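Visitor: Chains S and L are the protein sequences, given in the same order. The opening residue of the first sequence carries number 1 in the working numbering; numbering runs sequentially from there. The opening residue of the second sequence carries number 313 in the working numbering; numbering runs sequentially from there.
Derived from the structure by calculation, the hints contain no laboratory data. One or more of the hints may lead you astray.
Below, computed lysine-lysine pairings styled on BS3-like, alpha-carbon distance capped at 30 angstroms [what the hints assert, rightly or not]: (1) L:K417 <-> L:K325; (2) L:K403 <-> L:K470; (3) L:K417 <-> S:K236; (4) L:K382 <-> S:K236; (5) L:K382 <-> L:K497; (6) L:K481 <-> S:K236; (7) L:K382 <-> L:K325; (8) L:K315 <-> L:K382; (9) L:K403 <-> L:K325.
Some chain S residues flagged as far from chain L (calculated, every beta-carbon gap over 12 angstroms) [said to hold, decoys possible]: (10) L71; (11) R77; (12) F79; (13) A245.
All figures in this text were calculated on a predicted structure; none of them were measured in a lab. Even glycine gets a Cβ: it sits at the ideal position worked out from N, Cα and C.
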Amino acid sequence: MNNIWGDMSQYNPVTWHWVIAVYLFLAGLSAGSLLIAIAMRWVKGDREESPVLKAAALIAPVAICLGMLCLVFDLTRPFHFWLILVNYNFTSVMSIGVLALLVFIPLTFLYALVVFRGQLATIGLGFLQGLADVLNGLRKPMETLLFALAVIVGAYTGFLISAMNIYPMLNTAILPALFLVSGISAGAAANAVVALLLFKTPAHDHELGRMHGIELPVVGIEMLFLFMLFCGLYFKGGAAAAALASLTTGTWAAVFWTLVVAVGFGVPLLSLLLPAQQRHGKGVMLLGALCSLTGVLALRHFILYAGQSYLG
Amino acid sequence: MNKRYVMVHDENKCIGCQACNVACRSENQVPDGVTRLQVRVEGPYGEVPDLHFKFDRVSCQQCENAPCVKVCPTGAAYVNDDGIVTINHEKCIGCQYCIAACPYKVRFINPVTLTADKCNFCTDTRLARGEQPACVTVCPTNALVFGDANDANSDVSKLLNSAPTYREKVHLGTQPRVYRIPARKGGIEA
Numbered sequence: 001m002n003n004i005w006g007d008m009s010q011y012n013p014v015t016w017h018w019v020i021a022v023y024l025f026l027a028g029l030s031a032g033s034l035l036i037a038i039a040m041r042w043v044k045g046d047r048e049e050s051p052v053l054k055a056a057a058l059i060a061p062v063a064i065c066l067g068m069l070c071l072v073f074d075l076t077r078p079f080h081f082w083l084i085l086v087n088y089n090f091t092s093v094m095s096i097g098v099l100a101l102l103v104f105i106p107l108t109f110l111y112a113l114v115v116f117r118g119q120l121a122t123i124g125l126g127f128l129q130g131l132a133d134v135l136n137g138l139r140k141p142m143e144t145l146l147f148a149l150a151v152i153v154g155a156y157t158g159f160l161i162s163a164m165n166i167y168p169m170l171n172t173a174i175l176p177a178l179f180l181v182s183g184i185s186a187g188a189a190a191n192a193v194v195a196l197l198l199f200k201t202p203a204h205d206h207e208l209g210r211m212h213g214i215e216l217p218v219v220g221i222e223m224l225f226l227f228m229l230f231c232g233l234y235f236k237g238g239a240a241a242a243a244l245a246s247l248t249t250g251t252w253a254a255v256f257w258t259l260v261v262a263v264g265f266g267v268p269l270l271s272l273l274l275p276a277q278q279r280h281g282k283g284v285m286l287l288g289a290l291c292s293l294t295g296v297l298a299l300r301h302f303i304l305y306a307g308q309s310y311l312g
Numbered sequence: 313m314n315k316r317y318v319m320v321h322d323e324n325k326c327i328g329c330q331a332c333n334v335a336c337r338s339e340n341q342v343p344d345g346v347t348r349l350q351v352r353v354e355g356p357y358g359e360v361p362d363l364h365f366k367f368d369r370v371s372c373q374q375c376e377n378a379p380c381v382k383v384c385p386t387g388a389a390y391v392n393d394d395g396i397v398t399i400n401h402e403k404c405i406g407c408q409y410c411i412a413a414c415p416y417k418v419r420f421i422n423p424v425t426l427t428a429d430k431c432n433f434c435t436d437t438r439l440a441r442g443e444q445p446a447c448v449t450v451c452p453t454n455a456l457v458f459g460d461a462n463d464a465n466s467d468v469s470k471l472l473n474s475a476p477t478y479r480e481k482v483h484l485g486t487q488p489r490v491y492r493i494p495a496r497k498g499g500i501e502a
């Protein structure tokens, strides 16, 4: 420092750090895993609980709770977090997000009860059997509500940071859509990992294959949205166009091109070129899924840090 | 009629002495390492011997359309009865959404209270006692003028009606209430 006007460290424009990026990732992951699993269940008209659905029912509550821990312990006064539950400001995206999460989080736990209602006794939760059976009778409305809330939660993580018009890269209409779609791709990947490792699903499982098949269009839309984001900045000119420097200079450019593009998009897409026998092997599927998850986590970091580094 | 408190910083009169900075720290008990108000000295510009500096007041711009108030989830950042944007520290949880959203980057976490903090024109201290903000009172060159712009007879109204002024980042729609009179010597870049 040693400026006569004092310390400048409080003026760093990057306010939110990696903990928030991890939170944005986990919330998107929680919503995305449910969205893809419930949608597949509806399309197939399933009666039994598929490994993918079981994976989602497990991932959704765990991921969102880990995300909440990140969020609360990133507060400067974590033990005052309850104030956000009793005070609301409806012009604040964060406040609206709190309301959505207040319904979404309990619902993910109740949905897990329903999906695992056959195994409750074996894991020592037999006393919840009655509740699980009652909820199973309300399954369709419950799934519909959960699906809608998952869309809201997935998009909200984007709205949260796009609401700040000082950051041209964040203040774009495409960001909530981008986060929703990349959340779905992370959710699909996490579902695959958990189904393969925890529920010992064979890699050639029909449903895993279908979920894998959805990956190509989802990644395609994700890349399209990213392209639209950058084009929007370019066409806007001025400070917005200046923010495109984040693609060519600094640490975050390296993170973007290596982790987001090469690892996150490149590896899973290239694995589709393998012969069917290898492509559906357990090792390749796991590798692809872990690369997708890495890519989405890196994307959250890139958007958050690069986004906050350029002011309008 | 509602009050519309505004401040004018005359960059011709300012000498960058930081008396305002120090007075603010003392009046508002701002801890070391953080500031509500600083005057950045930029330059020197020009050719020797005709050198000059530019003085940039960095503090809350008291936006009439304040992003911090909009994004605050608990209502801790709010608009006072006198129209001044201030903070209810009891309600602040330190999510830092306001700090991120502030276009002028003048909000910070107070290391003592662990809540968001910033200039509020001394609304709860000196203004409440009918006095002018600390920075205005202490300025040795009278570079700061403060008052109600809705009162046509106030000094600040007369000044705004007679001097050319500019405000920062008006393109973001924030309607800041800190006006600056540009320095005649290269206050606005060629």
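Visitor: Run every hint past the structure and note whether it holds.
Guide: So, going through the hints one by one against the coordinates:
Proposed proximity of K417 of chain L and K325 of chain L is supported: the alpha carbons are some 25 angstroms apart, at most 30 angstroms. Annotation: proposed proximity of K403 of chain L to K470 of chain L is violated, straight-line Cα distance about 38 angstroms (limit 30 angstroms). Using a Cα cut-off of 30 angstroms, the hinted pair K417 of chain L and K236 of chain S holds, with the two alpha carbons roughly 23 angstroms apart. Between K382 of chain L and K236 of chain S, the direct Cα distance comes to roughly 25 angstroms. Compliance with the 30 angstroms bound is thereby established for this hinted pair.
A threshold of 30 angstroms between alpha carbons decides the hint, and for K382 of chain L with K497 of chain L the separation of about 38 angstroms lies outside it, so the pair is violated. Among the hinted pairs, K481 of chain L with K236 of chain S is consistent with the structure: their alpha-carbon atoms are about 17 angstroms apart, no more than 30 angstroms. The hinted pair formed by K382 of chain L and K325 of chain L fails the criterion: a straight-line CA distance of about 35 angstroms is larger than 30 angstroms. Restraint check for K315 of chain L and K382 of chain L: satisfied, since their Cα atoms lie roughly 21 angstroms apart, inside the 30 angstroms limit.
Pair hint K403 of chain L plus K325 of chain L does not hold up; C-alpha atoms about 39 angstroms apart against a cutoff of 30 angstroms. Not every CB of chain L is more than 12 angstroms from the CB of L71 of chain S (nearest about 8 angstroms), against its label as outside the interface. A beta-carbon of chain L is positioned within 12 angstroms of the beta-carbon of R77 of chain S; the least distance is around 5 angstroms. With a cut of 12 angstroms on Cβ distances, F79 of chain S falls inside the contact zone with chain L, its closest approach being about 9 angstroms.
With a minimum CB-CB distance of about 19 angstroms to chain L, A245 of chain S clears the 12 angstroms threshold, and the non-interface call stands.
Going through the hint list in order, the structure does not satisfy hints 2, 5, 7, 9, 10, 11, 12.
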